[in-house]
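Sequential numbering of the sequence shown, starting at 1, is according to UniProt numbering.
Heads up, some of the hints might be wrong.
To be verified - Quick list of the computed label-pair ranges, beta carbon to beta carbon:
id	residue 1	residue 2	range
1	V56	K139	22 to 30 Å
2	W119	L48	24 to 32 Å
3	T68	I131	21 to 29 Å
I should point out that these hints are in silico values taken from the structure, not numbers from a laboratory.
Note that the structure is a prediction, hence the values are computed from the model and not measured.
All C-beta atoms in this analysis are idealised placements derived from N, C-alpha and C, irrespective of residue type, glycine included.
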Amino acid sequence: MHCYIWFNGSFGPFDSSANLQVSHASQEGLPIADCSAEFSWDFQVWHLKLIMGLVVLVSSGRYLLLKTCPDFAESSEAANRQVLTSLEPFDYIVVSFLPGVSEEFLFRGALLPLFGVNWPSVLAVAAVFGILHLGSGRKYSFAIWATFVGLVYGYATMLTSSITVAMAAHSLNNLVGGIIWRSTTSHSK
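Throw the hints in and build the complete structure from the sequences for me.
Structure (structure tokens):
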């Protein structure tokens, strides 16, 4: 089964192309799952509290791991140095939000509904999320951490039925991590 997301005009020129592909798939008799039906862009006031809680949980957990697990600290340092060293402060916002939004759109917005919105699927998608965070100097300790974070974001998405909570929390955690790295690391441009 293919998972397609119907666009409603928010992505401009990409809408017609994506919808044309869905139309073609439908005419060919291919099964189509509307993944957008699983989660909404809905945002409620209590979501702000959840986002702040997730930022505190993930950022403080990451900070503790940086201080207590040398392998994790080395993995984080290698990845951060590769991506963040040459950035100006404003660039941190862009670099924090682009992957936060796009990764959540892919993992919690598309893959999770494709596999089914339940705990086994949350775990499977989190494991894929963790595995894909290997490389660029990041080791297994970092992948295990990313799997845990993927579980947290998956649970938040299931709890709220809204992808915006995971996107905001992920992006803000990226930003906090970048700011902590910049303020605690001596690095040269």
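Okay, the hints, checked on the actual structure:
For V56 and K139, the hinted distance range of 22 to 30 Å is satisfied, since their beta carbons lie about 25 Å from each other. Distance hint for W119 and L48: a CB-CB separation of about 25 Å, consistent with the stated range 24 to 32 Å. Checking the proposed 21 to 29 Å range against T68 and I131 shows it holds: the Cβ atoms sit about 23 Å from each other.
Every hint from the earlier list agrees with this structure, and none is contradicted.
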